[in-house]
Amino acid sequence: MLRRKLLRDIRSFKGQFLAIALLVALGVSMFSSMYLALVNLRDSAGNSFDRLRLADYTVHFAAAPAGLSEAARAIEGVRMVSGRYVDDVSLDIPGTPDKMHARIISRPGPGDDPVNDLHLVRGRFLDAEDRRGVLITSDFATHHGLEPGDPVHVIAEGLRRELVIRGLVLSPEYLFAAPSLDQFFSGHSFAVMFATRDTVAEILGRGGQINELAVITGPGADPAAVEQALRELASGYGYRTLVAREDQFSYRMLESEMEQLSAWSVMLPVIFLGAAVMVILVLLARIVRQQRSHIGLLRALGYSRTHIMSYYLGFALAVGGTGSVAGTLLGYWLSVSMTNMYADYFNIPYLISGFHWDVQLFAVALGVGTCLAASFFSARAAASIHPVEAMRAPAPPLGRRFWGERWFGFMDQLPVLWKLPVRNITRNPWRFNFSAAGVGVALGLLVLSGSFYDLFDDMMNRYFGDMVGYEARVNFTGPTGWDAVNEVALWPEVREAQALVEGAVRYRNGHRQYEGPLTGLPEDGRLLELRHEQGNPVSPSRGGILLSSNLMRELDLREGDTVILEPMVAGLPSHDVTVAGAVETMFGIGGFLPIEEARSVLGPGTPISAVLVITAPGSSVEALRERARDRPFVGGVQSVAEARAEILGQLDLMYAFMGVALLFSMLLAGAIVYSMSSITALERTRELVSFRMQGMSRKGTGLLVAAEGLLPAVPGLCLGVAVGYAWAAWFAAAFSSDLMTIRPVIYPATVLFSMTGIIIAVAVAQWPSIRNVNRLNLAEASKHRE
Amino acid sequence: MAPEVLMELAGVWKTYRMGEVEVPALKPTDLTVYRGEILVILGPSGSGKSTLLNLMGGIDQPSGGRLLYEGQDLSVVGDNRLTAYRRHHVGFIFQFFDLISNLTVTENVALGAEIAGRRGNLAPVLESLGLAGKEGNFPSQLSGGEQQRVAIARALAKEPDLMLCDEPTGSLDFRTGLLVLQLLHRASREIGKTVVIITHNTPIGKMGDRVLYMRDGVIDRIETNESPLDPVLISW
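Heads up: the sequence lines are chains X and F, in that order.
Reminder that position 710 of the first sequence reads as 710 in our numbering, one-by-one numbering, no gaps.
Residues are numbered in our numbering as their position in the second sequence, beginning at 1, plus a constant of 1000.
No lab work stands behind these hints: they were computed from the structure.
We treat Cβ as the ideally placed atom computed from N, Cα and C, and that holds for glycine.
With the C-beta cut set under 7 Å, the calculated list includes, among others, these residues of chain X facing chain F: (1) G399; (2) P415; (3) V416; (4) L417; (5) R423; (6) T426; (7) R427; (8) S690; (9) M693; (10) G695; (11) M696; (12) S697; (13) L778; (14) A779.
From the derived model, a few chain X residues whose C-beta atoms are all more than 10 Å from chain F: (15) G15; (16) H386; (17) P604; (18) I760.
Covered, in the sense of this in silico footprint (three residues per stretch, anywhere, with C-beta under 8 Å from a C-beta of chain X), are these stretches of chain F: (19) 1057-1063; (20) 1100-1107; (21) 1114-1124.
All chains should be modelled from the sequences, with the hints used to inform the complete structure.
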């Protein structure tokens, strides 16, 4: 019988029931989708890294005989070793306007283990004797319309050589392809190619040599001992650096994304389920109050406290169950889409997209458990009502002035009808606070999701607007000196040119060290403008190094301290340099010295890396490319405008996330406001009927209900802006890394747009309550006493 | 001088649909209500008293017949006109007072006036109803009688012609109920309001100029009191 009553109660509170179920469904689906995507991503990445045997360590050195692999394999704990030669070259693709930056990597030779194996997407692998064939990363190939059988021209050591694409591949090292940490937005202008060891030797003139060892350790290996042994092994061959899997670029990018997903998969469900808790508390308190006499009757008829308690817990179970089941289904559907998006974005070769019963059951338990916990106090309160007391009419509600009226004296002069919505705050302050908090959290979420665009746009503006003053970057290849810079400066297409040197060093401060890029810039250069944290421009000058603020933090350095710069090539002297100040770099991490000082730190004969260029009036980057095309020292010409456009074109993930956040935030605000205002309207039916009977129009009561519903939005909106800023600051701090420095930025337009969205959601959510009030049958409603 | 007709019901009837059943709440009824009179409606539950009151108050419309207020047929006007009618011409007084719990006495009374678009000093109304000194109190700080007096003040503040009272003493003890009836009596006698009182309480009929007895949705009979009593002389 009680079950039937429960079903009828659900029917009579169907709007509120659905609103709570929606909140639970959203919370559960957030958890389920993000956690499933996380598990899928982790499984897919792990599976891909394992199947393709991503190296645990990669040791970089100048050059060594191929036999070094054998020596590495003899180190205790090492299971597999592959020696290879890796170098950067220029790539000329017939039909494209420019040469591009490419990395060519030799495939394992005889006796090498298959470390960093490749996944074939199309075409075929290379035969051992293939001297013309090359494999190329599929993302790059697809973007440029390259297929197996197409020719490409590799330019290295001043020579051009035609190779033929045999297959399109995915490499575990280059799931997210970038030449280095500080150039990770190279997008589709960076190719990775694989050729037989003989082919690479021929192209680079390095027969029988390797410059990298890719190593996989066995179970129980001592990482510190293996690292030490590998360093010692490479020390005689111009040891440069050792990169552990955790620091490998693709691996780090995926890990960083998974960290974010993990944080979101906790934070977002907490927000939505927290909102569901608020509404359940309010609704059940209302139902218990309304059903006092029923409770008394049931108790008088002999139903126990446990029966009464189970009855109200049953409501929570029903709403939690409905929301959770819907949420897990929605979550699963979203997780499949999210996993596919990630798989596309990161080029994950072996995709695993499972249902994961354990995650789904946990999600259901989370949703149902939250609802049961939220309803426990109301259920207990209902069960503890004494039957006699319950059948008596409740005490009339107390009246109180709103505390704000003491501060705002003018309120006394306001018409009563204007005062009424404000005074009604005192009727149920908690409900008002819940509504305000709900609106605030929804707005905060919307501001936060909108801020992703702002943060990114700000980074782009600061980078491309403030820092980058050039239109194109002419990359050099080979041992290029000032004569090449001078030649470029004299090209008729060039108005202004500025040389640039890039290399890697080890920064050291006591026991802290960091291997990162060092950039050399002319002291009077203005095409790559550095800025202090305060925003004022600064140039590197003699006797001091400018360090990116994230590197300063990493090494615990302050202005005036001394940092030791160690070249990555063993045997070269280290340099003690005074820290001249901190500069803001949006992308990457590193230090800046005057160009010749940088060359002297990086080692004798360090080539000029590139020339930054502003084109002459009437000329263009295309004309510059045409001019540079046949110059042997030019590796490629990068257009700033194209780079920016390409970055913007890669923001699908962010836009998808923002779209979902916008929808979910509006639903959150709408569901909370609808629930609260409909409960309030239900409670006040008799009062609103009395207004109508006294001659208040439908419009009047509608406005009254709307004003009361919108009032919590006022503090809610203020709270939401503060919450949005706080979350954006948290996000910026939590997800800033040596890959990028995120500054918490929210544009006023984002705040206005978000507020408008929430106000629309709140206004729409009022509509059912207003409609219900307007549809009241006065004669019928006047018979009932609230 | 012949009494002035305020309202006239000609063949007014009302049926309600309860699920699949049509329930006749008021069978075709003729009634004339005069300005300034006290009309007491007596009858058992389900006799049609409240339906008649709802129709007279414009919170419901008849299923048939004509209901004329000062010559205007309320049975054919739309919701806006009915709302305006209630706003400007009708004051309701209910058994459970229906005060707004978080408005003070003055604010509750002012609310009635504001809805009717009346502005003015409410102090005389409050004083005449014995509410002086209670202006800042909330309903929960008042006795039942005081609350009903606030409800009467709220109705009077609108300056209506017609005061419709649904069991105005139903929630009050004898002494307080008597006080409320005296106020309604004064409203009729001193300021000329037409007062219609629904009650189960037969002795209250003695204060009415006319007493209307209802049974099974029809007016059973109407009695005219040649000498209506002052409520102080009534007891039950």
